[in-house]
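A.B. asks: For the record, in the sequence shown the residue sitting at position 57 is 57 according to the numbering used here, with numbers rising by one throughout.
These aren't lab readings, by the way, just hints derived from the structure by calculation.
Keep in mind that a hint or two might mislead.
[As the list claims (entries may be wrong)] Derived SDA-like pairs: lysine to any residue, alpha-carbon spacing no greater than 20 angstroms straight-line:
id, residue 1, residue 2
1, K20, A43
2, K40, G7
3, K20, F50
4, K40, A18
5, K53, A41
6, K40, T12
7, K40, S16
8, K20, N33
9, K53, V32
10, K53, I42
[To be verified] Label-pair distances were calculated between CB atoms; the ranges are:
id, residue 1, residue 2, range
11, C8, D54, 32 to 40 angstroms
12, G7, E28, 27 to 35 angstroms
13, I10, N35, 16 to 24 angstroms
14, N25, F50, 14 to 22 angstroms
15, D54, G9, 24 to 32 angstroms
Each residue gets a CB set at the ideal place from its N, CA and C atoms; glycine is no exception.
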Amino acid sequence: MFGFARGCGIATAGLSHAIKEAFLNGAEIVWVNPNPENMKAIALYERLGFQQKDFPE
Numbered sequence: 001m002f003g004f005a006r007g008c009g010i011a012t013a014g015l016s017h018a019i020k021e022a023f024l025n026g027a028e029i030v031w032v033n034p035n036p037e038n039m040k041a042i043a044l045y046e047r048l049g050f051q052q053k054d055f056p057e
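Generate coordinates for the entire structure from the input sequences, incorporating the hints supplied.
C.D. replies: Next comes the structure, spelled out in structure tokens:
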């Protein structure tokens, strides 16, 4: 995200729409795999209801 656009809700709106479309089109689960150092991305995903889980082996 460009610096001038941060905090405007663009990423939240876009990701929310993508998640909604995924479920409307038959997805049963949506996974994200952020860089563990990217705390802003992790915070966004958590605000949208994602939970940290270990990946299945």
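A.B. asks: Hints first: check each against the structure and report whether it holds.
C.D. replies: Quick rundown of the hints versus the structure:
Using a Cα cut-off of 20 angstroms, the hinted pair K20 and A43 holds, with the two alpha carbons roughly 19 angstroms apart. Proximity of K40 to G7 is assessed by CA-CA distance (about 11 angstroms); at most 20 angstroms being required, the pair is judged to hold. A C-alpha spacing of about 13 angstroms is found between K20 and F50, which places the hinted pair at or below 20 angstroms, so the restraint holds. Under the criterion of a C-alpha separation no larger than 20 angstroms, the hint pairing K40 with A18 is consistent with the structure, at around 19 angstroms.
Of the supplied pair hints, the one linking K53 and A41 holds, its CA atoms being roughly 15 angstroms apart against a limit of 20 angstroms. At roughly 12 angstroms between alpha-carbon atoms, K40 and T12 fall within 20 angstroms of each other, so this suggested pair holds. For the hint pairing K40 with S16, the CA-to-CA distance comes to about 16 angstroms; that is within 20 angstroms, so the pair holds. For the hint linking K20 to N33, the alpha-carbon distance of about 18 angstroms falls within 20 angstroms, and the restraint holds.
For the given pair, K53 sits about 10 angstroms from V32 by alpha-carbon distance, which is consistent with the 20 angstroms threshold. With a C-alpha separation of about 12 angstroms, the suggested pair K53 and I42 falls inside the 20 angstroms cut-off, and the hint holds. For C8 and D54, the hinted distance range of 32 to 40 angstroms is satisfied, since their beta carbons lie about 33 angstroms from each other. About 32 angstroms separates the C-beta atoms of G7 and E28, a value consistent with the hinted range of 27 to 35 angstroms.
Taking 16 to 24 angstroms as the suggested C-beta distance range, the pair I10 and N35 conforms, at roughly 20 angstroms. Separation of N25 from F50 is about 19 angstroms and conforms to the stated range, judged on CB atoms against 14 to 22 angstroms. Remark: the range hint 24 to 32 angstroms for D54 to G9 is upheld by a beta-carbon distance near 30 angstroms.
The earlier numbered hints are all upheld by this structure, with none contradicted.
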